[in-house]
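Undergrad: All chains should be modelled from the sequences, with the hints used to inform the complete structure.
Chains as they are written, first to last, in the working numbering: chain S, 675 to 951; chain R, 675 to 951.
Honestly, the hints are just simulated from the structure, not real lab data. Keep in mind that the hints are not guaranteed to be accurate.
[Unchecked claim] List of simulated lysine to aspartate or glutamate pairs, EDC-like, C-alpha gap at most 20 Å:
(1) S:901 with S:866
(2) S:750 with S:713
(3) R:688 with R:712
(4) S:741 with R:789
(5) R:741 with S:789
(6) S:688 with S:757
2 protein chains.
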Amino acid sequence: MALAYGGIEAGGTKWVCAVGTGPDDVRALVTFPTTTPDETVARAVAFFAEHDIAALGIGSFGPVDLKHGRITTTPKPGWANTDVAGAFDVPVAFDTDVNAAAVGEGRWGAARGLDTFCYVTVGTGIGGGVVSGGRLVHGLVHPELGHLAIPHDRTRDPFDGSCPFHGDCLEGLASGTALQHRWGLPAEELTDPGAWALEAEYLAYAVVNIAFAVSPQCVILGGGVMKEPTLLPLVRARTLELLAGYVAGPEVVLPALGDRAGVLGAIELARLQSSNP
Amino acid sequence: MALAYGGIEAGGTKWVCAVGTGPDDVRALVTFPTTTPDETVARAVAFFAEHDIAALGIGSFGPVDLKHGRITTTPKPGWANTDVAGAFDVPVAFDTDVNAAAVGEGRWGAARGLDTFCYVTVGTGIGGGVVSGGRLVHGLVHPELGHLAIPHDRTRDPFDGSCPFHGDCLEGLASGTALQHRWGLPAEELTDPGAWALEAEYLAYAVVNIAFAVSPQCVILGGGVMKEPTLLPLVRARTLELLAGYVAGPEVVLPALGDRAGVLGAIELARLQSSNP
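TA: Set out below in structure tokens:
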């Protein structure tokens with residue numbers, strides 16, 4: 675059997691660990707909740723100890739220190755300054771969860787064949803990974819698309835925002851957490867068309883700012899909030915209005931790999947690092 | 675004498691044409707006003723006909739069609755859909771004026787040795803070029819940092835914005851044109867500290883959004899508006915406040931090549947294309 679790679683989608687709510695080479699060759703997969711750092715990392719170590727892998731890719735919630743494979747300033751209790759990569763005794767490729775998902779969608783999913791695109795997850799929080807010219811954007815730290823500053827019309831939406839760092843940044847206005855706080859309902863129970871129009875407004879501003887910053891061919895919007903079926907067409911329409919014909923805008927699409935983009939992208943990160951050590 | 679390259683900074687107000695290999699080897703330089711497309715391009719063609727150049731780099735105002743070397747939807751009268759690159763009979767490297775300036779600052783200026791940085795010019799309009807992982811960001815079109823959507827508190831600043839496409843985008847709120855319209859004075863005559871604090875607020879939002887989108891090590895702020903000496907320290911301070919310690923922010927600096935960043939970067943674009951055709 676061909677060489678296999680390990681992948682971890684290390685999320686703030688759950689970890690997904692898989693062994694394989696791609697969507698059609700997942701040889702083992704396990705999901706468990708994110709509890710304490712020690713317990714969670716130990717479960718992943720135990721899972722991979724049972725499999726023969728050439729390398730491990732980890733896509734982690736962040737912000738992260740890419741060089742040292744650590745989670746840094748997360749507000750998640752107990753997880754600030756956690757060493758993740760150091761716990762494994764195989765070569766590790768470490769990146770953000772959303773960069774991993776972007777890589778997965780680029781290899782097998784909605785961005786296949788494109789060289790400049792973004793993956794944005796709209797869930798409990800909002801995060802995004804960016805591929806430019808075929809390569810992940812890293813830089814000083816890594817993109818943090820969830821914290822983009824966007825227009826907030828307080829006469830239309832008096833909600834102050836839920837981000838503990840920035841108040842009414844994108845995540846503070848448009849994450850699942852923000853929806854719960856503003857409307858008193860989780861996203862999956864929200865039926866008011868005005869609520870979804872407002873959500874589309876904020877996500878369209880995000881797409882527009884991403885377009886003006888990195889000019890992607892495609893923006894993939896994933897995460898639990900995007901499961902609302904009316905949302906994607908609203909975001910597309912409002913994005914075009916906001917661009918106002920100044921430049922061509924990106925395709926705005928849902929992920930093709932669904933909930934597996936992150937863990938499959940982590941496997942691809944491991945393969946890429948093994949090919950170009 | 676070593677091979678020389680040609681460079682054009684094709685701006686909306688003036689064109690700068692130079693022959694040489696870098697800041698210490700500029701063998702000829704001419705500046706002339708941007709008039710009609712035919713007349714302006716003909717002056718550049720005539721200038722380079724007198725010099726032996728291996729290739730020509732052009733950094734143009736935009737938006738541009740990079741593939742075909744054309745200016746596209748500019749509101750500048752007479753210039754929409756102008757073929758620029760096609761007028762020259764040497765190999766041409768064509769990019770935006772601000773991408774060229776970014777390349778110049780990366781090779782010889784404020785971003786020397788860095789691999790991820792941005793050059794933003796704050797003048798009559800606002801534009802920006804982005805280098806990520808050592809390479810210019812292009813994508814579907816190219817970055818248009820001047821049109822980022824940013825928060826606009828109308829109780830503090832009731833000005834509607836001056837961008838003909840987007841109203842109160844970054845350029846609409848913070849360009850020299852916006853300053854002139856809001857205050858009735860050009861930037862160089864503006865002395866009210868409140869006006870400069872407001873300008874710093876908008877530019878800091880731009881830096882923050884650039885930081886969250888591409889995580890640059892450095893953001894270079896150039897252009898005429900940045901000649902106000904109180905502005906850079908205000909932008910730096912406000913950027914740190916807006917980031918709120920979530921991630922490390924970029925250095926925010928002035929260009930080291932001054933007004934020659936664009937034309938020198940164009941020369942470097944020509945050299946790069948000749949080395950990697």
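Undergrad: Are the hints correct? Go through all of them and say.
TA: Hint check:
Note on residue 901 of chain S and residue 866 of chain S: the hinted pairing holds, with a Cα-Cα distance of about 15 Å set against a maximum of 20 Å. This hinted pair checks out: residue 750 of chain S and residue 713 of chain S have alpha carbons roughly 15 Å apart, not beyond 20 Å. At most 20 Å may separate the alpha-carbon atoms for a hinted pair to count; residue 688 of chain R and residue 712 of chain R meet this at roughly 14 Å. Proposed proximity of residue 741 of chain S and residue 789 of chain R is supported: the alpha carbons are some 16 Å apart, at most 20 Å.
A C-alpha spacing of about 16 Å is found between residue 741 of chain R and residue 789 of chain S, which places the hinted pair at or below 20 Å, so the restraint holds. At most 20 Å may separate the alpha-carbon atoms for a hinted pair to count; residue 688 of chain S and residue 757 of chain S meet this at roughly 17 Å.
The earlier numbered hints are all upheld by this structure, with none contradicted.
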